[in-house]
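Enquirer: Here is how the chains run, residue by residue.
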Amino acid sequence: MGEEEGLHQTPFLDTMFVRGLKRKCFDGEEDIEGTLAGIKAIPSYNLQRQSLLDMSLVKLQLCHMLVEPNLCRSVLIANTVRQIQEEMTQDGTWQMINTQSTGQASLDRLVSTDILCRSSRDQAEGKHVPAYGTFNKDFENDQAQDSSDTMSTASAVQAPRNLQSSVWEMENPQENKGNFQKSLDQIFETLENKSPNSVEDLFSEVDNSYYDLDTMLTGMMSNTKMGHCDSLETFSSSTNTASNSNCKSDLNDLDHIVEILVES
Amino acid sequence: MEEDAETRKISSSFLRDHSYATEAADIISTVEFNHTGELLATGDKGGRVVIFQREQEVKSKNQPHRRGEYNVYSTFQSHEPEFDYLKSLEIEEKINKIRWLPQQNAAYFLLSTNDKTVKLWKVSERDKRPEGYNLKDEDGRLRDPSMITVLRVPVLRPMDLMVEATPRRVFANAHTYHINSISVNSDYETYMSADDLRINLWNFEITNQSFNIVDIKPANMEELTEVITAAEFHPHHCNTFVYSSSKGTIRLCDMRTAALCDRHAKFFEEPEDPSNRSFFSEIISSISDVKFSHSGRYIMTRDYLTVKVWDLNMENRPIETYQVHDYLRSKLCSLYENDCIFDKFECVWNGSDSVIMTGSYNNFFRMFDRNTKRDVTLEASRENSKPRAILKPRKVCVGGKRRKDEISVDSLDFSKKILHTAWHPSENIIAVAATNNLYIFQDKVN
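Read top to bottom, the protein sequences are chains D and B. The first sequence begins at 92 in the working numbering and counts up one residue at a time. The second sequence begins at 978 in the working numbering and counts up one residue at a time.
No wet-lab data here; the hints were simulated from the structure. Honestly, I wouldn't trust all of these hints.
One-sided and incomplete, this derived list gives chain D residues near chain B with beta-carbon spacing under 8 Å [what the hints assert, rightly or not]:
# : residue
1 : L138
2 : Q141
3 : L143
4 : L162
5 : C163
6 : V166
7 : L167
8 : Q174
Since this is a predicted model, take the numbers as computed values, not measurements. Don't be surprised by glycine CBs; every beta carbon is placed ideally from N, CA and C.
Okay, chain B solo, but in the shape it has when bound (with noise of 0.2 Å):
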């Protein structure tokens, strides 16, 4: 945010509550808006896609200023659970990334893919429906042909608004591994998909061919010691993309020099800090999340304790780092038993590029404004913000004397992680997802 930490001011509006026991099937596996933040878009543990829209604005004498809302806009079921049969296996039906079309037409397109299937839905509103015709009656049955003496022509009438989510294409069978990462290309005609060893480039029009433009799959899987973690295409530049590794690398990829780009344009790796080793070093180094800036000029990674901001000018260190939970680090080997070392965290850009945000643990999240090199811990819960409230912000005691706000590092549930964050493109709206609940977070006009 552009105003500093202390005078920030943001109120929460807190959506999609579920106050029984948490179902795993309701776990928020992805959360983004469209491009024009109009829509924000959920999927799932179960498969499920929520979309909600926001309202328009109303401005008037009576009432103040307010902001828009969110309300849902559409659910719909997107990927069902599976079976594979030869390797008897299932497939979940989790939603992994919801990616967003640009919008060309009246409807919505976006992509949804869970492990082995993306699928390009079409939502679309209909609040007309023609009445009047000739051969049936408005219940649908069909009339008899003799009894008919006169003819009309159908008219579109007002119906109240139905808003239907189409599958319009299937994209199967095309990876062996689990999908992680899907992006739409700026060319608006192709996107790509990318596994832990391989990314594929499709077409929106064929569904059943796609290129492998990328393969680290080595020959003799004895050798095998880097999967990939994350791809995204450059926002302007069409033949351009990164992907980043498990071993904290990420590699910058043009699609003009090769038909496969298992040669790099640009590799970009910070040297290891050898007074930080240890035997987790090479995990917390894994990349979970790689987003490339608005402007395309950066590139923003997520490891498992920090967020670094690279310049796609230079590849041989990030050019800011920001701690996101570095007490973390003396808690390494517990982190490894319980398997939370192996968590995922995602990070987002605002509009401007100038302060970026990501998730940790006991439903914190964290901001940093890349300007003024302020950063603040916020809270995602219901107990602690009530709607309208201005968000506190929240301080990790690391050792010694814990004041009486503070938290200490082992009070923390690590339970509540907070995967998944959203920006919208243009304004301070934010939306986090705990869970099985979505906050949304805005900016406070005063």
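Bound conformation, chain D alone (with noise of 0.2 Å):
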């Protein structure tokens, strides 16, 4: 990740997070256009923490394709974006953030952020990532319940970015759970300001995505919310069920193994 480039990358930020970082506190008396005002005349250690948050995000998103990701350092990031997630709750910041952007706290308009990833992504790319379907009904019935939470969040991280430009309305919420970290679907759930609890979401099934289907299709942690994993897991190293054949190129090809091993 660069780290031979040495400590060039955030003279700025280094300067802002130096020792005794302490959260600044608004006095209780400040109403919303109060708190408004106090976070522009100090936008700097807010900006610090969003761009700390969204590098956070960036680490979780990012993972190797071939080798399993550090879990010793997921849940050290995972802990950090908690931590400013939990300030930001309790500055009231979030849900400033999340007015002051869009205008509305309509949920229904908002779009997946891993879509706007994906999007992106994909530009830069050139190439179309292939949604595959979906292969369990548990998973179908997480993306519909799943959907509006991500969508609302998307919202809050999404704006600070100005990336309406790149979004399409998400049409089929089975389509985007594809190729991403689960992880990085449940911080956003997290970030969202309606459940203060689902932080916790951060880390489900972190243990069974190593099993996850998505998973193994894709290299990636996925979301899929696990009923059938735990039998998954004596399959581990025990059998080869699955092809050589390179999975992240060719998702569909892996469906009806993944039928196969579903159904067992």
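Could you fit the two chains together into a complex? Lean on the hints.
Expert: Written out as structure tokens, the structure reads:
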């Protein structure tokens, strides 16, 4: 990740994150406008905190395609994200950013962030990532439930970056679950202010995700809720059920293999 | 070292040099002396183990007293890359840890592990071979029995020394997560392997079963906030072990209390310093290595910026804290961005537990004398030290005016990190792994 580049990446942030960084407390009497004014008057702290949050989310999103991600590192980054989220919730800045950017808190209009990311990534790569059909009912049900959560969180994070132009409406909630880490979706769920305890979703089934069919196909974590993965654990390293085909390049071929595994 | 820093004399001999471009597979991932210090094992990212042996000291009037140098003794491929078809992920062949078993016969035994599988290797010498078989000739071809008229007794004749390594046990399929530690028990019958969430106890003779002795995996993985980072058995008490966590805590467990040691006997944690609190506080408190002292009285832990010595009898704070590279405290955000903040440095005791050593960046490594409270920064690099040269102490300039020999924080090379070091069990000989090079330093004898 550019270790060789030394410490010249974020001198601005470094000076901001000097030891003893304390959360700036707003006075209790301030209302929303006052908070807004307060935010604008002290942009640096929130800016740096937001940068750290964005950086952390990117870190969790990036993963080695071939090797399992380092669990310790993921846990530490997730805890950092959680810490930032809690502080932003206490600050009330999370709420503020939410309303500030979109003008309405309607969940329906908002789009999943991984759609955003996929679109920008696809534009960079110049290819269209094929969506693959879901392969069990649980998965589909979860998508329907999670889609609203995912959509709502997307706006809050996306807004500062102003990525509206690259967004398209999410038609099929199942399509976007394919190629991205579950943790990213979970993270965005946690950032949703509606459910303050959803931060625990951050690592829902992170263990099972290793055996998750999504993971198996894509090499990344996905957010399929597990009911069947405990049985899959018995398969670990005991049989080679999948073929040697390149999972990442052709997802459709593995569908029927997946179905075989799911049914067992 | 017992002498103070100024009079410390260290000579260097430089081994395992790769003068061509750095190959990723050659990156050394673990270094370990055996119990006598005669052998030094290294493991690398390519799954290879290289064992060095100290040559016998030559005492003669003609040449000055020369300390034994380490030469390559054996090289073998311990682990191969594997592909987990179910998860569609590669299993790295990188050797995470090597631990020697105490020597009980002429052969040497060591444990080596990658992320998933532990192997017991037997390294033995062969310097004789039998000659004079009846049924086969010297090339191994079978002789025609009808042509044999005389019977002879095979005799052992000397041959060139051959060192062979054979895998004697393979302990597989017991870890869902990545193995970070292995530790041989003082009973010499069992050992433990620790991954991110579980610790298993093995018997050397049994490969298809292991006991799970620690399991911190939450029932609901959404609640996962802490992982195991290192574990080690007590050097003398075969029932006691410690494990460290990503939250900066150490738990000491007694296996006599329960089969599953989820309840700790002792819990070591230092209260957080509120003035140093930042978003990175938890990350830099994560313990990357834990080591018992040879005496068994103390444990040493390494987190990102410090090394701490704990007395087993006092749980609420360490008895000593040493700053390894506190000048990085103001750079934590950059180090977080380039992932250096997740580097796992190891730490080692010297034989008498009076000096502790750990690595840093820019190929620097640090030694702290616990008695004199002196510390020194040394560099492991070819450019700055010729063989037999005395290492010069280095200094990092934090701010303001930089003196001639000092290096400024912004000039440090963060790709050159010394994560793995080892100290000879009884002498002042240290092994330092700098990426793909191994440095061995010895005290200079006048």
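Enquirer: Provide an ascending list of the numbers of those earlier hints which the structure does not satisfy.
Expert: 1, 2
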